[in-house]
Amino acid sequence: MLSRDAFWQYACTVYQNGQVQQILLECQDKHGKNVNLCLLLDYLSYLNMQLTVQQVNELEVIVKQIDRELLVPYRATRKQAKTRYSAYPDYQQLRASLLATELELEKLQQHHLIEHVKTFSLQDHVKDPKNLLHYLPKSLYTRFQHAKL
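Throughout the sequence shown, residue numbering follows this note's numbering, covering 73 to 221 in sequence.
Calculated pairs, EDC-like style, for lysine to aspartate or glutamate (alpha carbon to alpha carbon, straight line, at most 20 Å): (1) K136 / E187; (2) K105 / E141; (3) K190 / E178; (4) K136 / E176; (5) K154 / E174; (6) K210 / D101; (7) K210 / E132; (8) K105 / E132; (9) K220 / D200; (10) K202 / E130; (11) K105 / D139; (12) K210 / D200; (13) K151 / E174; (14) K151 / E178; (15) K220 / E98; (16) K179 / D77; (17) K190 / D77; (18) K136 / E98; (19) K105 / E174; (20) K190 / E132; (21) K154 / D101; (22) K210 / E98; (23) K105 / E178; (24) K151 / E98; (25) K179 / D139.
Hints listed in this document are in silico derivations from the structure and should not be mistaken for laboratory results. Quick caveat: nothing in here was measured; it's all calculated off a predicted structure.
Can you build the whole structure from these sequences, using the hints too?
Rendered as structure tokens:
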């Protein structure tokens with residue numbers, strides 16, 4: 073059974089790898105890809121579950137909506153605070169609070185992704201599934217896989 077807590081732990085572990093983090097942020101900033109969706113697709117491959125292109129497209133709609141409504145505006149607020157208000161005497165506390173809230177929004181997005189995946193008929197016990205290839209160009213997929221090693 074898929075669990076949002078297990079997915080969160082997996083995502084945190086994978087994201088701690090500096091090379092993976094760099095590639096995922098490049099995917100986000102230069103290619104408009106969603107980090108949580110990349111991590112979910114990788115997680116499902118880790119669990120030997122294969123998604124279809126249509127299922128990945130459905131998940132992409134979900135992340136785009138949450139990004140548009142919550143994460144993108146919030147990140148802009150956080151960056152604005154850093155740019156314009158870093159001289160505020162309690163800025164470090166403010167920054168920590170803003171980052172903690174952003175993490176909670178990331179968890180919210182992951183929750184919605186997992187809940188939607190639970191509605192899918194999944195092909196499991198697949199040998200070497202490559203869900204990320206339904207979302208990332210092959211060159212980014214290859215770099216991501218090498219970084220995880």
